[in-house]
Amino acid sequence: MEIVKNILELTLEHLSLAYGALILSIAIGIPLAIASLYNRKLASVIITIANLIEAIPSFAVVALVVPLLGIGFRPAILAILFRALLPIIKNTYIGLSNVDNALIDAAKGIGMTNWQILINIRFPHAYPPMFAGIKFAAILSNGIAVLTAIIGSGGLGKLIFEGLASFNIKKIFYGVIPVMVIAIATDYLLTFTEKRITPEVL
Amino acid sequence: MAENKLFNRIESIKIRNISKKYGEIKALENLNLAIEGGELLILIGPSGSGKTTALKTINRLIEPDNGQIKINNHDIMNFEPVKLRRNIGYVIQQIGLFPHLNIRDNISLIPRIEKWDKNRINDRVEELLDLVDLPKIFAKRYPSELSGGQQQRIGLARSIVMDPPLLLMDEPFGALDPILRKQLQIEFLKIRKELGKTIVFVTHDIEEAFKLGDRIAIMDKAKLVQVAKPNELILNPKNDFVSQLVSSHKKFMHMDNLKVKDLMVELSNKYIFESSKNNREVAQKMKKNGIELAVTVSDSKLEGIANFNIICTAKNKDLREVTEKVHTFSPEKCLSEAVAELKEDKNTLAVVVENGRPVGLMLTDKLLLELV
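Protein sequence lines, in the order shown, are assigned to chains A and B. Each residue of the first sequence is one higher than the one before, starting from 1 at the first, in my numbering. Each residue of the second sequence is one higher than the one before, starting from 1001 at the first, in my numbering.
No wet-lab data here; the hints were simulated from the structure. C-beta: ideal position from N, C-alpha, C; glycine also. Take the hints with a grain of salt, since some may be wrong.
Said to hold, decoys possible - Computed cross-link-like contacts, SDA-like style, restricted to lysine to any residue with a CA-CA straight-line distance of at most 25 Å:
1. Lys-1005(B) / Lys-1140(B)
2. Lys-1083(B) / Lys-1140(B)
3. Lys-1083(B) / Leu-24(A)
4. Lys-41(A) / Tyr-1022(B)
5. Lys-1140(B) / Thr-193(A)
Said to hold, decoys possible - A few chain A positions that, by computed beta-carbon distances, are all more than 10 Å from chain B:
6. Lys-5
7. Tyr-38
8. Lys-41
9. Val-61
10. Gly-154
11. Ile-177
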């Protein structure tokens, strides 16, 4: 029973780590994508940084956080945020900016404000790439949340690393199985949400 | 939403000396144009002539570098762009229906933003579908389920949902195949009559311009070349460019746009004789002036015509007795109709009459020479 309680506690920790970082990334990433839409300089800076960081291995990002911010839960959140933010910004920006010019011209011409065009025209068109970005970010978050156990974030990674260190296969599975369940559930949940809010014809 | 109406009717649109440059490229150079309320003005010219740029300055989608545009004597820069655009309908070639919204939501996007109640929106959508001759069930369909022609009709319906007094149309039929285009032009003329709006219409199709336009503004290389009624353009093209564009050397192509007065022979006084005159006197005068035909009047009003040979054979009679009835036209009559009437009556000659007085002659052989 002790082990079940332990697994549940660590799962909860893992969830708050991965999802906390994911939600933060969405909360920061989407406004940044919107801002990039109206500021070309910002857009080019963000896309360049995004491409750069994507090239760095996740493990290196986790390691990099330690000399800058130390160890523990919060530095771990930042490490995940760092990786998860970029696919969200990039995909949302691409989705928002790839709307046919004629549609924007028509929307302006009939008297919609930039904000109304964003909400009514650009976002519905941006949902598919935006959700692809969020899904990718969720997979990354879940994966990096395992890795960050190394820098003391806690969570299911702790079980896995302990299991590996002591060659305790049972312990490894106690860690790995919930991580897999979380990954599959997240993907399912996001796909479901995407289908709910994306207009059928797009 | 009366407070959102900037103007109920267009009295005039005055475009004064506007210019627009993109880098070094001039898109508009000192454009001056006055549009009258209720007219359909065509902007025509080759691509890059500035016609679309000119159109878009009217709803401030493009803001000129200098110059001024006034609608009903209000500088449009004093209006909020979004508010201005809700008072001006806008139709584009690509139609620009939003693919993720059904027809009802496409048409009612602005009314929904302005928070009309649901019944009012539904009524307005049905009314507009009816106007553009589409069944009500189309309200629930998506743009991708409609043909190009049907989509363009929805585009028109969407543009007038707020009942704007002014409509800007940027090559609305440009993407349609020729047969469909002709059909929509005819329907559009019908709808236009019902609506009574002021319309500025961009096209590159001169046939379309002649068919739809009250006046045609011809643009070339960012400048306005000439603005005039269709028949004036054909008869008095300002330069070779206009003449080429309107094919003014091939007037037969423009029978529908020309009027009787445009190609009649003006009647000089020497042809006109009082019908009470004696034939001997008339014959003498005709011989002196070398004319073969007398147009007889009584109290300045047309009586008919008389031939020199017949006058000579009845020298003791009055002109009235040898006067024959003649076909008459008003100077404003459409030339193609006039020619058709002459053909039907097997006539080669008609007198053009204004307020009862003869003012000109229509001679079929002369006409033929003018037309080709």
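Results of checking the hints against the structure:
1. For a cut-off of 25 Å, the pair hint linking Lys-1005(B) to Lys-1140(B) is broken: about 29 Å separates their Cα positions.
2. Straight-line distance between C-alpha atoms of Lys-1083(B) and Lys-1140(B) comes to about 28 Å, which puts the hinted pair past the 25 Å bound.
3. Between Lys-1083(B) and Leu-24(A) the CA atoms are separated by roughly 37 Å; this puts the pair beyond 25 Å, and the hint is violated.
4. The straight-line distance between the Cα atoms of Lys-41(A) and Tyr-1022(B) is roughly 21 Å, inside the 25 Å bound, and the hint therefore holds.
5. Only pairs whose Cα atoms come within 25 Å are accepted, and Lys-1140(B) paired with Thr-193(A) is accepted, the gap being roughly 24 Å.
6. Every CB of chain B is more than 10 Å from the CB of Lys-5(A) (nearest about 48 Å), matching its label as outside the interface.
7. The claim that Tyr-38(A) lies off the interface holds: its Cβ sits roughly 16 Å from the closest Cβ of chain B, which is beyond the 10 Å cut-off.
8. In this structure Lys-41(A) is separated from chain B by more than 10 Å, as the shortest Cβ-Cβ distance comes to about 19 Å.
9. Residue placement check: Val-61(A) keeps its beta carbon more than 10 Å from all beta carbons of chain B (closest about 37 Å).
10. For Gly-154(A), the condition that its CB be more than 10 Å from all CB atoms of chain B holds, with the nearest at approximately 43 Å.
11. Every C-beta of chain B lies more than 10 Å from that of Ile-177(A), the closest at about 40 Å, which supports listing it as non-interface.
Of the numbered hints listed earlier, those contradicted by the structure are 1, 2 and 3.
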